[in-house]
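Trainee: Chains as they are written, first to last, in the UniProt record's numbering: chain L, 1 to 238; chain B, 1 to 867.
In short, the hints are calculated from the structure, not lab data. A portion of the hints provided could be inaccurate.
Partner residues aside, some chain B positions facing chain L, computed with beta carbon under 10 Å [what the hints assert, rightly or not]:
| # | residue |
| --- | --- |
| 1 | Ala23 |
| 2 | Ser115 |
| 3 | Asp303 |
In this text, all values refer to a predicted model and were calculated from it rather than measured experimentally. For each residue, glycine too, the CB sits at the ideal point set by N, CA and C.
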Amino acid sequence: MSVSSRTHVSPILHADHLAKEVESGERRLSILSDLSLAVFPGESVAILGQSGAGKSTLLGLLAGLDTPSGGELTLFGQSLRALDEDGRASLRAGRVGFVFQNFQLLPTLTALENVLLPLELSPSPGAEARARDWLTRVGLGERLDHLPKQLSGGEQQRVALARAFVTGAELVFADEPTGNLDPTTGERIIEALFSLNREAGTTLVLVTHDHALARRCDRCLRLEDGRLVEMARDEVMA
Amino acid sequence: MSRTSWPALLRLSARSLIRDLRAADVRALALALALAVAASTMIGFFLDRLDRGLTRQAGQLAGGDVVLEQGRPFDTEVREALEDAGLTLSEQIDMVSMVSRGERFQPASLKVVDSVYPHYGTVRVDRGNGIESLAHGPPPGEVWVAPRLALLMELEVGDRVRLGETQLEVGGVVEREPDQSAGFGNFNPRLMMHRDDLDATGLVQEGSRIEYELLAAGSAEAVARVEPLLQRLRREGVEVRDVRQDRPQLGSALARAEQYLSLAGLAAVLLAGVAVAMATRRYVERHLDTAALLRCFGATQRDLLRLFVLQLLWLALAASALGALLGLAGQALLVALLATFLPFSLPAPGLLPLWLGVFTALAVLVGFAGPTLLRLKRVSALKVLRRELDPLPPSAWLVVGVAALVFGGLLWLYSGDLWLAAGLLLGGLVMLVVLWGLGGVLLRLVLRGTARLPRGRGPADGMLTALRLGGQQLARRRQASLGQLLAFSVTFFTVAMIALVRGDLLTTWQAQLPADTPNHFAINIQPQERDAFASALAGAADARTALYPMVRGRLTAINGQPAREAVPAEARGNNALRRELNLTWRATLPEGNRVVAGEWFAAGQEEGKEGNWLDEVAAEPQASASGAAVPISVENGLAERLGLTLGDRLTFTIGSDTVTGEVTSLRSLDWESFRPNFYVIFPPDTLERFGHSYITAFHLGDDDRDLLRRLVREFPGVTLLDVEAILAQVREVLAQVTRAVELVLGFVLLAGISVLYAALTASLPVRAHETGLLRVFGASNRLLSRMQAAEFAVLGLASGLMGALLAELAAAGIYLTWFDLAPRFHWGLWLALPLAGALLIGLIGHLLSRGLRRQAPAASLGLLGEA
Numbered sequence: 001m002s003v004s005s006r007t008h009v010s011p012i013l014h015a016d017h018l019a020k021e022v023e024s025g026e027r028r029l030s031i032l033s034d035l036s037l038a039v040f041p042g043e044s045v046a047i048l049g050q051s052g053a054g055k056s057t058l059l060g061l062l063a064g065l066d067t068p069s070g071g072e073l074t075l076f077g078q079s080l081r082a083l084d085e086d087g088r089a090s091l092r093a094g095r096v097g098f099v100f101q102n103f104q105l106l107p108t109l110t111a112l113e114n115v116l117l118p119l120e121l122s123p124s125p126g127a128e129a130r131a132r133d134w135l136t137r138v139g140l141g142e143r144l145d146h147l148p149k150q151l152s153g154g155e156q157q158r159v160a161l162a163r164a165f166v167t168g169a170e171l172v173f174a175d176e177p178t179g180n181l182d183p184t185t186g187e188r189i190i191e192a193l194f195s196l197n198r199e200a201g202t203t204l205v206l207v208t209h210d211h212a213l214a215r216r217c218d219r220c221l222r223l224e225d226g227r228l229v230e231m232a233r234d235e236v237m238a
Numbered sequence: 001m002s003r004t005s006w007p008a009l010l011r012l013s014a015r016s017l018i019r020d021l022r023a024a025d026v027r028a029l030a031l032a033l034a035l036a037v038a039a040s041t042m043i044g045f046f047l048d049r050l051d052r053g054l055t056r057q058a059g060q061l062a063g064g065d066v067v068l069e070q071g072r073p074f075d076t077e078v079r080e081a082l083e084d085a086g087l088t089l090s091e092q093i094d095m096v097s098m099v100s101r102g103e104r105f106q107p108a109s110l111k112v113v114d115s116v117y118p119h120y121g122t123v124r125v126d127r128g129n130g131i132e133s134l135a136h137g138p139p140p141g142e143v144w145v146a147p148r149l150a151l152l153m154e155l156e157v158g159d160r161v162r163l164g165e166t167q168l169e170v171g172g173v174v175e176r177e178p179d180q181s182a183g184f185g186n187f188n189p190r191l192m193m194h195r196d197d198l199d200a201t202g203l204v205q206e207g208s209r210i211e212y213e214l215l216a217a218g219s220a221e222a223v224a225r226v227e228p229l230l231q232r233l234r235r236e237g238v239e240v241r242d243v244r245q246d247r248p249q250l251g252s253a254l255a256r257a258e259q260y261l262s263l264a265g266l267a268a269v270l271l272a273g274v275a276v277a278m279a280t281r282r283y284v285e286r287h288l289d290t291a292a293l294l295r296c297f298g299a300t301q302r303d304l305l306r307l308f309v310l311q312l313l314w315l316a317l318a319a320s321a322l323g324a325l326l327g328l329a330g331q332a333l334l335v336a337l338l339a340t341f342l343p344f345s346l347p348a349p350g351l352l353p354l355w356l357g358v359f360t361a362l363a364v365l366v367g368f369a370g371p372t373l374l375r376l377k378r379v380s381a382l383k384v385l386r387r388e389l390d391p392l393p394p395s396a397w398l399v400v401g402v403a404a405l406v407f408g409g410l411l412w413l414y415s416g417d418l419w420l421a422a423g424l425l426l427g428g429l430v431m432l433v434v435l436w437g438l439g440g441v442l443l444r445l446v447l448r449g450t451a452r453l454p455r456g457r458g459p460a461d462g463m464l465t466a467l468r469l470g471g472q473q474l475a476r477r478r479q480a481s482l483g484q485l486l487a488f489s490v491t492f493f494t495v496a497m498i499a500l501v502r503g504d505l506l507t508t509w510q511a512q513l514p515a516d517t518p519n520h521f522a523i524n525i526q527p528q529e530r531d532a533f534a535s536a537l538a539g540a541a542d543a544r545t546a547l548y549p550m551v552r553g554r555l556t557a558i559n560g561q562p563a564r565e566a567v568p569a570e571a572r573g574n575n576a577l578r579r580e581l582n583l584t585w586r587a588t589l590p591e592g593n594r595v596v597a598g599e600w601f602a603a604g605q606e607e608g609k610e611g612n613w614l615d616e617v618a619a620e621p622q623a624s625a626s627g628a629a630v631p632i633s634v635e636n637g638l639a640e641r642l643g644l645t646l647g648d649r650l651t652f653t654i655g656s657d658t659v660t661g662e663v664t665s666l667r668s669l670d671w672e673s674f675r676p677n678f679y680v681i682f683p684p685d686t687l688e689r690f691g692h693s694y695i696t697a698f699h700l701g702d703d704d705r706d707l708l709r710r711l712v713r714e715f716p717g718v719t720l721l722d723v724e725a726i727l728a729q730v731r732e733v734l735a736q737v738t739r740a741v742e743l744v745l746g747f748v749l750l751a752g753i754s755v756l757y758a759a760l761t762a763s764l765p766v767r768a769h770e771t772g773l774l775r776v777f778g779a780s781n782r783l784l785s786r787m788q789a790a791e792f793a794v795l796g797l798a799s800g801l802m803g804a805l806l807a808e809l810a811a812a813g814i815y816l817t818w819f820d821l822a823p824r825f826h827w828g829l830w831l832a833l834p835l836a837g838a839l840l841i842g843l844i845g846h847l848l849s850r851g852l853r854r855q856a857p858a859a860s861l862g863l864l865g866e867a
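Isolated chain B (complex conformation) (with noise of 0.2 Å):
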């Protein structure tokens, strides 16, 4: 049965929030809620923007949105359905070709354009009157050249070119292509020239070596519904490359970033759930006078719980608008420190994280607020006669059950992982009954302790028994102090957790690119020249320098069976196995690899024992011109993509001959090493046979371009890429994830500071009784001081000591299942957490008590209604 109407319920609702806002446990509920959405919006903001972009630039990278490639034309019949579906095709010739100018010869990748190209992006060229951005290729009768190539060929714009069997004008110098793509596996320089005068150049011959490309752009849906069909293509051996769903993976340091940001956004979002559970607490404890009230005024349980519910509705909508604010501004902050990394614009924010804040703010505020605001409902009328009728709480377990459920719930939403979120919540539920526990005997210690504290008169004595009085009053108000105690200690653990990650990923993205980090590759070195360019090195180049042989072998069987043939399905298109693959042969395990699966050839030999192992494979070779298998070492990736194992035989054909290697390991390497990786590693004596060449990665500095300048002299053959402004990039990326980073951090030491006020405000009126009746016995204000220090203190030590102990703990399990590594002891957690537990609760405390020492104790016993 209800009584009150809707309208006056809402009406009710929002001027009894806006009377209640003078409270602190109203002000502590809004600035929790408000910090929860803030930062889920601002993460939520901040991926979604970089997730749109990175799909919209990897299709301008990709040069469309799906991207069809195979060695022979496509036909009419995949054209029209792809048109028929809503795409814009555009179609691309690559192939390499020599160009000549007179005497001079020089191969080139050739790229051949139509009328469409590009689908996004623009051409920046320079046609002879500085550069210029267009949106389209070279016309008929033009190509236009790579500054390398102008530079080989000594090219100017208006000068003629010849290629194949006609001649052309060099109509421009391209300084960036919208599709270029990083990668170094095309060498020669670009040319780029339009369909119409492909066919007189009469380059397209039978056998002729040419990538037909089919770029097609429009909406997703136009792509969902041409699936089948790209599912059909990449059955029959066709390369399909859909941006959105091969998109390029993040670099790995901007992909740990963004676990980094949410898994920081959770940890705030967790902490404004403790803040709102501490605040609710308080909330409903003052306002159970007012339903009794209310009762007796003629109000139903519904009526009241309609009322309070509203009333905490209203505050989450305000709450919630303050908190999306502040996570748009934050959001912006994030990309204007990421913006000169990010190689485009991002588009604006979009609506949904909004909505997601929305439902994080009522998910936190029903799972951490829920059970406690029921109790207001079961309020007796009674209770204005006979004060002490106050409904029993929630049980703890009732109210952390609810809560964790809910926080699971989120951890799931957020996640995409089931089971993650049902593991990190089982964790937590066993660290707070662990925590429970130990708070307890910690309680107990602290009144022991303090009991024993000696009682002389010396001049200690005022603080002794400041100490005394604080550490007994908190050990005997036990329930309160558990509750805080357990609050602090998930903060400190949340905060010394996200810094303990925050400290690990700096250390990991420091130590991944070193001052010395390689910033030249040298490539096509050939046999004759190695030890002549290994010395003119040695002077710049550090210890880590080693000069990889190379050979071109393309893969054609598996295990006996032809390589398409013998791979999954989807993986028939796959490049690896249509392109020629760069083999090495080592003895030793290269630098930054790891044996993921199976054993290195040689497991146990050391670094630098190269002489050893080789004299081992001279006395017995391993391969044979008739094929038996060697063994080889396989990139992880790649063995995923083909389907490999530990035991199959691959086949490479490398010119006319082939050579067959048994799978004896699979390594994991760090393709953002800016050092020369292979997908596939031969041991020693088993390629050398063939023709091959040497490729090194080194290190130069600004004062080495003399030595620059000598390579280039000296080894004309030599091809020399300079990628220090590709490290330089990164480098800035580190940088600025780093500041992204760490003002995440900042919002997550906020949101644990409003724990701490919302926890502190919460316990003010139990503090003020005890306040005005030690005044009343006659407790000088300088003692109360003391004491309310002392106390806060204590609970602040004991916090951070929990704190540690647990943030140790998880340090460890994480140490251990993820990254493989042997836990360590963390000095500085155990001394930082107790002492900036002590000082920030003890200055909080101390500051929220200083209104109450000033109250004359009749106001103070006043404040809980003892009048």
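Looking at chain L on its own, in the form it has when it is part of the complex (with noise of 0.2 Å):
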């Protein structure tokens, strides 16, 4: 079964009858199986599930942190089967922003080289300025130098966002980008998150349990017995 809206354009991701396995002691527990789906250049999806549906890993397999136990998976057009671990790294480089739920900010580093870090994987000229300027747009242009453990989680997550769009990237997945946040700054999370998307022209793939945030992607889908499922709007609104 797949999952997906278009079919005149070539999806930036796509996921063909995937299935992950895990041992188990002595049983394989089976976490996805034959999960199909196709997203779109510029559009946002939500996934949404329980606690222990295999969001994460779900996450962790489309981004191709993970390999499945069977399937297939493209990524910017290219199957990322072929791929050992560094290609799929390089084929991420530039090209893919990441927002986790417990922000992965280094704590040795500042505000701002934080968000410079992965530019400096590929040096470009005029790097600090960019990343000064995406601090400044999530509203941190006054805290450049401040360590993580002097900014609220709110404010870590701002930082996380201005990360994720630095490169110019082209896909953003999110994991729970405000599970670790209390709603008044949650809500203002998401508000950055989806006009930082908007602005950028960036696909957006999130994974969330927060049906507000849901919501707001144009497409939702819901993980259920290791298999995606297209929710209906007034399904998400309930």
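Bring the two chains, given one by one in their own frames, into a single complex with the hints.
Mentor: This is the structure in structure tokens:
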């Protein structure tokens, strides 16, 4: 079963009959099975699901951070099957951004340095100016030299947002971006995320159990029994 | 496949290192590496300068870089060969002749020099205008005399003296010759003259005893070019002294200090290595998240490896620069500490030790950090989503194995002895296995012991609870605690060994030159003067003062063969075959001598029973005029040089007679003892029939100067030599070497503290987590503080105990194998190490964890990324 909305444009991300099993003692546990998905450029897709449904596993697979047990996955038109871990890393470089539930900021780096980090892998002129610019856009222009521990949770997640978009990524994965934040702060982060996504014309795939967040996306899918099910708009509103 | 370019990686690694300097583990790494470089360069610079200085000094003392000596003039062919190789030649002739002025006659030791003399250094001479330093000898027509000759003959500058058939003018009094030897072999006062005047004296006759010396000066390359010629000349019986090869050995104190410095330097490097290993573990753990993030951002495994290796290389370079500066300052301090003793100025430091220091830092980094660092490469990008996906730490055996191999290589490089390095390495690995097992047992004991602590409600309850919790936390964090226990034990052990060896060195040195070490020699005491001289001394000299009979004899045959043919080819030119040796007879082994092979004439004879022994000898004489062999004892070094073994029969020509002895014992002796020492000792009743005199050494205090004047007056024929100045210089050497050794010990201590710092820093995150949790559960600051202090103190105590055990075992091994001494138990060690361990680790740990206790629990827990 494939979940897609358009057929006339090539998907930026395409999963075909994806499966993931893990060893659990003597038996194999199936987390995802026969899962298909196509995400098109500029789309925002939310994947909803209960705790333990395998949302993060799916995100890891889609981003090429993990390998599936079966099925085919294509990212930017290239099959991931033929690539080793380094190959997948190279494919991601500069084109994929991430926002994590636990922010994943490096504690010894300042806000500015954290945002600069992905740019420094393939330096280009004006990297620092770009990092400053993105931090200003998320409202942290005055907090450039602050270490993560000097920032609140919401501020840390805004740094992470700036870091996800600073490379000009075509595709941003977000894993429960508001999971560690209070509702008000979470709301602000959602606002910031979608506004940046709009400005940059990025494709967004986010995993969440927050219906308010999912509602902001073009499409919502529910992960159920290892498969993705397209959700009706009213179902999401519920 | 690698995406990121080298320039980008270089920039990124440098920038990330600068950012990383905020982290304690990076600072600990830098400190440890800087200390390793500082220790190795300090000692390397110093020993290199000392070595080159000694070679230069040896060249000056010998009068040239190569000195040839024989009893007849050198052929033109030899001179030309030396000159063709690029060496400058100077010729010198030594002989003894009578000097006279009016009615005064005095035998003098003539040194006939040419216009090239001296190759190195200057002659300090008083030509009537105070002392001048001149780079030449006396001009033709003049003689320069030693102060003693001037005194004995009442000579003044301008006087004329007769020498053979000519008269020469006294042009100066020589205060110091650059190539003066320090030996007591030549007792006649010196007279120096020019070669051009020699023929006029008519002293060179057929059969005269004259030594011809050819002094060659030049580069090491020039000397190397004439090596085949030198080999040939040696075989032909010419005495060849090549200062680079036959450089006089360092005094034993300095030689031991040199070994000690090398040992301590390596100990500091080892400790720095342990600190690097501890700090790297934390560094890697802290960078796992960075590595995973970078993987997400698209970095390949190779990029990651290159990035972190480059980052550490930058760190190593910066630490090397800092360490080299410290090392330069340290060696300057060492030189300053030893300055007044070193009789020459040292050449400037060379570059080699610097490279060696940087190489050491890199080797330490690769060996002690390498396997741990590889863990970063294996980080999965998925770790950003699932924190538990840390790559497994490298096997402890791999880490220890690689570190051991690299350190073994460094040991080999520094000691030049593969087997010693391999032995030490193997011993070290066995020691680690034992420590690992012992550490496990100790931790179990701590767990059980603290669990049984009473849980009453008395006033001591708070302390006991802290001790119980602290001890149990330590024991439950088994792997981490074992690692720390091991690192601290090795640290305490190393510092204790360096301190123990230092203590033993100092004791040996102090014992070597006690306050009553003889400071005067009396020679030429005639047999009829012996008793009177001894009784004159009796009041001032101690019981050890002995008068040794001395007979001069030449070694002419070995096992019936002419001596020069019987010895190995390279020993044919040896001085011992060309000069008369001082022989003595004696019933008991002289003090400070040790029989190393065979048996003394009467094994088991006790000192003071000389009379009995003499009675036995008298009843059954061991020597006869017919030349039957008597037992003799030969000095070990001479035996080695001439290839002599037990049972060899040596024939000595004394005057017109001969006496043959069979080597029944070989002795080692201390040439620096300031006592009369003899190459060959005969038993009593063997040499008395030959003409002999007596020699003694005795100690005179400042108040005994009257006695000295009385001796000069009453025994005009006896030559008295005052060696107080030399003795004072040797004492000063020991004092200064002691200070140098203490400086180095300080360095080792510093390296030890760097290990403590690195290890405790590495354990901070785990402790922060625990502290945060305990705070959440309601633990007070007071309880946490006590608990952590108790944990560190127990850790320090246990490490100190294990360090003491190791040091005791290693010291026993060294005593048994090297010093041939019974091992002794060091009570102080068992007290000092655990106590110092508990205090030091307790204190450093308490200070480092103070910040943790001040943090809000959320922040502490957040440090582990659990927010």
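Trainee: A separate judgement is required for each hint: does it hold in the structure or not?
Mentor: Here's how the hints hold up against the structure:
no.: 1; hint: Ala23; verdict: holds (5 Å)
no.: 2; hint: Ser115; verdict: violated (72 Å)
no.: 3; hint: Asp303; verdict: holds (7 Å)
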